[in-house]
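Chains as they are written, first to last, in the working numbering: chain A, 1 to 362; chain B, 1 to 362; chain C, 1 to 362; chain D, 1 to 362; chain E, 1 to 362.
FYI, nobody ran anything at the bench for these hints, they're computed from the structure. Remember, it's a predicted structure, so these values are computed and weren't measured experimentally. Careful, some of the hints might be misleading.
To be verified - Distance windows between CB atoms, simulated: (1) 124(A) / 112(D): 39 to 45 Å; (2) 195(C) / 246(E): 24 to 30 Å; (3) 234(A) / 245(D): 52 to 58 Å; (4) 29(D) / 124(A): 23 to 29 Å; (5) 234(A) / 245(E): 34 to 40 Å.
Glycine included, every Cβ here is placed at the ideal spot set by N, Cα and C.
Below, each chain spelled out in residue letters.
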Amino acid sequence: MARKRNNKQKKSNWRRRAKPGDAPGQILIDPSAISTKIHVIGLGNNYVEKEITDINELDAITASCDRLWIDVVGLGSESTLRNLANLFQLHPLVIEDVVNVYQRAKVEEFEDGLFVVARMIDGTDPATTEQISIYLKGNVLISFQERPGDCWDPLRQRLRQKRGKVANTDLDYLLYSLLDAVIDSYFPVLEDVVELVDTLELDIISEVRIEQMHRIHELRGQLLSLRRSIRPHREMINELVRDSISEVHPETRVHLRDCYDHVIQVIDTVDTYREVTSDLRDFYLSSINNNMNEVMKLLTIISTIFIPLSFIAGVYGMNFDPEVSTWNMPELKWMFGYPLSLTLMAGVAGLLLIYFRRRRWI
Amino acid sequence: MARKRNNKQKKSNWRRRAKPGDAPGQILIDPSAISTKIHVIGLGNNYVEKEITDINELDAITASCDRLWIDVVGLGSESTLRNLANLFQLHPLVIEDVVNVYQRAKVEEFEDGLFVVARMIDGTDPATTEQISIYLKGNVLISFQERPGDCWDPLRQRLRQKRGKVANTDLDYLLYSLLDAVIDSYFPVLEDVVELVDTLELDIISEVRIEQMHRIHELRGQLLSLRRSIRPHREMINELVRDSISEVHPETRVHLRDCYDHVIQVIDTVDTYREVTSDLRDFYLSSINNNMNEVMKLLTIISTIFIPLSFIAGVYGMNFDPEVSTWNMPELKWMFGYPLSLTLMAGVAGLLLIYFRRRRWI
Amino acid sequence: MARKRNNKQKKSNWRRRAKPGDAPGQILIDPSAISTKIHVIGLGNNYVEKEITDINELDAITASCDRLWIDVVGLGSESTLRNLANLFQLHPLVIEDVVNVYQRAKVEEFEDGLFVVARMIDGTDPATTEQISIYLKGNVLISFQERPGDCWDPLRQRLRQKRGKVANTDLDYLLYSLLDAVIDSYFPVLEDVVELVDTLELDIISEVRIEQMHRIHELRGQLLSLRRSIRPHREMINELVRDSISEVHPETRVHLRDCYDHVIQVIDTVDTYREVTSDLRDFYLSSINNNMNEVMKLLTIISTIFIPLSFIAGVYGMNFDPEVSTWNMPELKWMFGYPLSLTLMAGVAGLLLIYFRRRRWI
Amino acid sequence: MARKRNNKQKKSNWRRRAKPGDAPGQILIDPSAISTKIHVIGLGNNYVEKEITDINELDAITASCDRLWIDVVGLGSESTLRNLANLFQLHPLVIEDVVNVYQRAKVEEFEDGLFVVARMIDGTDPATTEQISIYLKGNVLISFQERPGDCWDPLRQRLRQKRGKVANTDLDYLLYSLLDAVIDSYFPVLEDVVELVDTLELDIISEVRIEQMHRIHELRGQLLSLRRSIRPHREMINELVRDSISEVHPETRVHLRDCYDHVIQVIDTVDTYREVTSDLRDFYLSSINNNMNEVMKLLTIISTIFIPLSFIAGVYGMNFDPEVSTWNMPELKWMFGYPLSLTLMAGVAGLLLIYFRRRRWI
Amino acid sequence: MARKRNNKQKKSNWRRRAKPGDAPGQILIDPSAISTKIHVIGLGNNYVEKEITDINELDAITASCDRLWIDVVGLGSESTLRNLANLFQLHPLVIEDVVNVYQRAKVEEFEDGLFVVARMIDGTDPATTEQISIYLKGNVLISFQERPGDCWDPLRQRLRQKRGKVANTDLDYLLYSLLDAVIDSYFPVLEDVVELVDTLELDIISEVRIEQMHRIHELRGQLLSLRRSIRPHREMINELVRDSISEVHPETRVHLRDCYDHVIQVIDTVDTYREVTSDLRDFYLSSINNNMNEVMKLLTIISTIFIPLSFIAGVYGMNFDPEVSTWNMPELKWMFGYPLSLTLMAGVAGLLLIYFRRRRWI
């Protein structure tokens with residue numbers, strides 16, 4: 001059942017898109033998208049936090065605050081998004097990428113702003129990710145999420161309490177903090193997978209069972225999903241660190257470097273564990289094969305011992321008439337014919353056993 | 001049958017070519033090529049759309065329009081192509097590449113023009129692609145297709161209605177729009193393959209069947225075809241984005257960057273699904289192996305239990321004469337000889353069953 | 001037999017070489033090399049074509065022609081080669097590489113000339129290649145072949161008829177034409193291999209046979225040979241295109257770029273088909289395994305059904321004496337003993353068949 | 001049991017971390033961390049070595065010595081670490097990385113110092129590594145270890161005796177010496193693994209046993225652990241060598257180059273031995289398969305020979321009544337019926353044996 | 001036995017090293033090293049060749065000759081090496097690398113000299129290599145070998161006869177000549193391995209045997225050893241060619257480029273043959289599997305045919321009493337009972353044979 005959800009998710013990565021040949025920069029709202037809510041946090045001397053529905057309410061906050069974080073949750077309301085795009089003069093491609101939620105992580109520099117796409121792990125399923133789009137333009141940072149629920153609550157708490165650097169410095173540091181939290185959202189999920197692999201390894205070493213094959217296959221699929229999601233972040237954050245993007249201060253770059261290290265660590269672990277599961281699969285197959293061979297060997301040995309014995313019994317079950325001539329099965333008339341035949345059988349069995357043992361088969 | 005067509009297609013990729021040593025720049029018309037039709041769209045203040053047969057008809061359109069899109073469909077008419085090449089002074093290598101329709105995607109800059117080759121997915125078969133050659137030179141863009149039918153109808157619609165940027169700006173944006181549509185033509189086909197892989201995975205997990213092996217093999221082949229077609233586009237579009245090609249405006253480059261992301265996304269998905277099918281194949285093989293082992297094990301166990309029993313029956317089927325001596329099969333004369341022998345058999349069978357169960361074989 | 005020739009060829013790639021520690025630049029003639037013939041073509045206002053044996057005959061041609069193509073066929077005559085080297089002041093390493101015919105494709109720029117090594121496919125065996133060395137120095141181009149017979153006859157025809165650009169321009173264009181023909185010599189051979197793979201795939205899908213394994217192995221070997229021969233050409237031609245080599249005019253570079261595309265196409269196809277054959281091998285192995293399993297399963301099922309039946313027959317073949325007691329095999333005396341035993345057997349067989357069918361084994 | 005420890009270790013690599021969204025630069029002490037001890041060595045004209053508990057004791061040593069090596073062992077005392085960070089104005093990210101002991105090896109340059117993370121092999125288990133963090137800032141070098149016990153005792157000895165370059169030059173040389181010792185700590189462990197692989201190979205070649213599969217799997221896991229630990233050092237030391245980091249003198253770079261060679265050598269060996277174990281696993285599987293096949297073949301041959309013999313015996317065990325007609329088993333009444341039947345059996349067995357031998361099965 | 005030596009060698013690559021934490025630049029003499037002999041060749045106007053034991057004897061030769069080649073054979077005499085190091089002011093790391101004979105090939109430029117490490121194939125075992133260290137400083141070239149016996153005798157001969165460029169030019173050409181001979185020492189060994197692989201392939205194609213698996217495994221190991229030894233030379237020689245190392249003249253670089261081609265050729269061949277052996281192993285396994293399947297199939301078919309026949313014989317061996325009722329085995333009393341039963345058996349066997357043939361199993 002867990003698999004089923006997993007697969008559905010994968011498929012949905014590929015459903016809806018503009019038709020080939022459609023104009024670029026279109027806003028194609030996914031009919032199943034959640035309706036949009038806007039959560040605004042004003043920073044600076046004043047701290048303002050407000051859930052707004054009308055874009056025009058922004059004016060008041062802009063007036064009283066130095067910096068603005070507009071967090072847009074849900075991408076279902078076309079008019080709201082369109083108004084927002086107009087207000088902040090977002091490039092059409094930006095808003096197209098925002099609503100088309102199957103982008104790889106990337107960074108794009110526009111003339112008057114910086115556009116970043118990242119993918120956040122949603123909950124505990126490595127295959128379920130949510131697209132996070134962030135647009136930074138001067139004193140305004142707009143973030144777009146697909147669904148309510150994210151990993152930024154500790155960050156909001158710090159902003160509310162005017163605690164930490166993030167509350168008192170330029171918005172590029174907020175951008176870093178958001179990305180850092182997104183990257184860090186991979187760790188718990190990855191730790192779970194890693195622990196499952198390690199547990200499975202111990203389990204396979206102690207006893208091989210057929211269900212383990214399903215587990216290995218599933219874990220490999222999850223690691224593949226994780227790798228596919230996290231890998232583009234490397235290039236994305238690297239571009240933010242290395243390129244001379246004017247929106248990002250040098251001091252923030254030091255922090256992004258740290259964030260980059262985390263991405264590398266995730267990729268590194270995923271790759272290592274892909275190899276671990278690959279080794280594990282080979283080990284599993286060898287083990288199950290060995291077990292099967294052991295069974296077959298023992299059973300075949302049993303058959304092989306009894307077949308000559310049955311043959312001897314068969315011979316003395318023949319109905320040649322000893323009355324006709326002394327050549328015909330005289331053993332049947334011997335005094336010790338029966339015990340001798342049993343002894344013969346025991347002897348054959350014994351010799352076979354000795355031979356098998358010599359060849360180390362038993 | 002689907003396979004057959006598939007394979008024929010692959011083979012045809014390799015049939016016709018100039019002989020080694022032939023002069024470069026020759027126009028070698030494929031005898032099976034469709035005869036050429038020219039569809040001209042004039043843009044600018046006037047909008048003209050016309051199907052022409054005589055090259056000279058172009059003059060009138062050129063006079064009344066600022067920009068020209070000449071869409072050449074079918075590559076079978078040598079004289080038409082030759083006239084076109086002369087009129088626009090195309091480099092001989094360009095026209096050679098146009099008619100030799102088995103090129104990889106590429107971009108080439110000539111002194112006075114830009115030549116781009118791309119491959120469009122034709123219909124629903126991942127292995128069938130059509131070569132799209134585009135030559136951009138000042139205010140004229142010439143596109144060459146192998147067959148009628150393409151993914152550009154929405155684009156033409158926009159041109160007709162003078163809608164969108166494409167209708168009102170330089171031709172490099174039209175070039176981008178054409179390429180974008182070509183790249184987007186990969187998505188539906190890829191989505192189909194991906195969905196088939198996902199369905200197949202669920203199918204294999206629920207029950208293993210031999211036909212699934214054919215499906216895996218076929219899907220792997222389709223993914224390979226897709227990768228081979230799409231991969232050269234990465235380099236091609238990257239060159240258009242990065243290199244300072246004079247024909248491409250900076251603003252168009254922003255759009256091509258988006259197009260580049262799409263190419264990467266297709267390649268990424270194809271690569272991921274190559275790995276998924278590889279994992280799936282291993283899983284399939286393990287499953288079918290396990291099933292087979294189960295069958296063999298059970299059957300062997302049945303044989304192994306009956307073989308000693310048959311042996312006992314064989315022993316008491318021997319014809320040693322109990323009359324001759326009391327040593328000869330006295331059991332035959334016992335009152336409970338028969339029931340005892342049956343009990344013995346039951347005992348042996350029981351012990352074997354217990355042993356097999358202890359070793360977890362049944 | 002085809003294999004045998006194939007393998008001999010591979011081995012010969014590795015026989016003769018200078019001893020470690022020998023002086024570089026030595027001319028070590030292979031004793032089995034064909035004796036040298038020189039075919040000179042003078043280009044320019046006059047066209048001269050002559051088979052010469054004495055180097056001194058060159059003077060006359062040089063006097064009357066602007067450009068010289070000296071085609072040296074057969075590398076067995078040490079003195080001729082030495083004279084040639086002296087006349088044109090070839091670097092000792094050049095002439096060493098020319099006679100040591102197991103070089104990888106490469107380009108080397110010397111102070112006063114350009115030295116190119118390429119490998120031409122010889123005939124239809126992908127494993128048999130011939131080293132082509134070309135030295136270009138001002139108005140003289142010297143080409144060296146191991147054996148008579150090449151892919152340059154159409155080119156010579158064009159020179160004779162003073163047709164095409166190659167007859168009327170600088171020798172770097174001739175160099176390009178020669179290389180282009182060499183690269184194109186890979187296509188027919190590659191097409192053959194590709195067609196064999198495709199045919200084999202259809203064949204395996206319709207019916208698996210043991211010989212197919214040999215075919216797969218052989219085709220993989222041929223693709224490997226092709227890859228090994230063609231791959232160094234990529235770097236070689238790339239150097240000619242990109243590096244500012246003074247001997248190569250910019251216009252020729254445009255043509256070499258085309259040649260580069262062909263190399264990439266060959267490499268690409270070889271790599272793709274290595275993967276195709278790898279998939280095919282896996283498919284073959286799965287198929288043969290499945291077939292084997294089917295056979296074994298059915299046969300084992302037959303055995304398994306008859307074993308209990310034989311056991312029953314064995315029981316009633318026992319010789320316990322029904323006369324001694326009523327406990328001893330009273331069935332033998334029953335009126336319907338025999339029909340009942342047969343019914344019992346049929347019943348057991350039926351139950352087993354039903355069980356096997358339930359478990360989907362038959 | 002060794003495996004168990006091994007796996008626990010791996011898991012622990014992934015346990016504790018800051019929650020996603022937490023502020024960067026936090027000091028999150030691992031509750032199980034060992035309490036901190038500080039070992040100071042003052043270098044220069046005076047040599048001072050002291051175990052201190054109060055940071056303030058540093059002042060006295062600073063006064064009397066030119067250079068300071070502060071070796072912090074155990075990362076459990078938050079206040080001590082915090083004081084240290086304040087005293088030397090360490091960047092918050094530095095101290096966060098120090099206590100979060102699951103970093104990859106890396107180097108980071110800060111405005112006023114150089115921060116290096118390395119991983120030391122701890123004891124003899126390739127999977128157990130300890131994070132070594134080093135901060136170099138002018139005349140102070142601070143090193144952080146997780147646990148007491150390291151590979152630096154010979155180095156300390158040299159410092160005490162004012163022997164060697166390390167005692168008399170700038171601290172970047174001490175940094176190099178520390179890193180060199182850390183890298184060298186991989187050699188004994190790697191040598192052990194390599195020797196185990198070589199021994200195992202000889203063992204498998206002489207006789208295949210099932211336990212060997214476990215050994216291969218375990219060794220592959222250890223090599224993977226080693227690779228994962230050592231690989232990031234390559235980039236780290238390369239940055240120290242190549243980049244113009246002001247803290248590192250050119251002369252020290254010569255030494256670091258040597259250190260870099262060692263890293264490459266370790267990585268190289270690990271990679272080679274991953275391949276060796278991979279080959280070994282294939283060899284093991286082929287061997288065990290061959291053995292199994294041998295067993296099965298011989299046993300099946302035995303069965304196959306006896307089955308027709310038993311059939312013949314079965315025929316002559318039939319109870320057709322020879323009295324009724326001369327057609328009913330007249331052989332039973334023949335004078336040499338029994339010997340003839342035995343001869344027939346021997347003949348059949350002999351023919352089968354000859355046939356099997358002809359086909360090279362025995 | 002060959003394997004044993006092979007493995008011992010591999011292990012010895014890893015035994016002796018400085019302890020972690022030891023000072024760099026130490027001379028740690030291997031106790032088993034051969035005692036040092038110094039062979040000096042003075043070049044220039046005078047030619048001097050002398051075996052010396054005392055370093056001071058060098059002075060006389062230095063006085064009379066322009067250039068000096070000091071060939072140090074055996075690394076067992078610490079004092080001699082130390083004196084040499086002092087005399088020519090070698091960097092401590094140089095002399096450490098010289099005696100620690102398990103280095104990868106590399107080049108290091110020091111302020112006043114060039115240090116090169118290469119690995120020479122020693123004899124015919126691909127796994128046995130000898131470290132060659134060369135230090136070039138102005139007019140002195142010092143080479144260090146582990147053991148007497150090398151591939152430089154033809155070179156010495158040329159020096160003695162003042163033949164060739166090497167005798168009459170600067171020492172960088174001697175350096176090249178030494179390296180060229182070392183690289184060339186790989187060819188005969190590689191040719192042997194390649195020929196063994198090719199022979200083995202033909203052998204496996206004609207008949208599969210179990211010993212071949214050992215051969216494949218051994219050859220793969222040898223190719224791996226070769227690759228590991230040769231691969232670092234690529235980078236090493238590339239650095240000599242490309243980097244502007246002042247000790248190497250441009251003209252020598254042309255020769256080193258040739259040497260580089262040879263290295264690439266060796267690596268290329270090793271890689272190709274790793275793939276060939278990999279294909280070969282798969283082919284071997286398929287073949288042996290096919291053979292085994294053939295055996296098992298035939299034997300199982302034999303069993304399967306006889307099992308129903310034996311069952312029929314068993315039925316008519318039952319002792320139901322025909323006297324009791326006409327239902328009890330009336331066949332026994334039929335006139336043609338026995339011939340009919342035999343016919344029945346023949347019929348069953350025939351039907352089975354026809355069925356098996358229909359299904360293509362025989």
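Outcome of the hint check:
In this structure the hint that residue 124(A) and residue 112(D) lie 39 to 45 Å apart at CB holds, the actual value being about 43 Å. The hinted range of 24 to 30 Å is not satisfied by residue 195(C) and residue 246(E), whose Cβ atoms lie roughly 57 Å apart. The hinted window of 52 to 58 Å between residue 234(A) and residue 245(D) is violated, with their beta carbons roughly 24 Å apart. Taking the beta carbon of each, residue 29(D) and residue 124(A) are about 27 Å apart, inside 23 to 29 Å as hinted.
For the pair residue 234(A) and residue 245(E), the beta carbons lie near 35 Å from each other, so the given range of 34 to 40 Å is met.
When the structure is compared with the earlier hints, violations turn up for hints 2, 3 and for no others.
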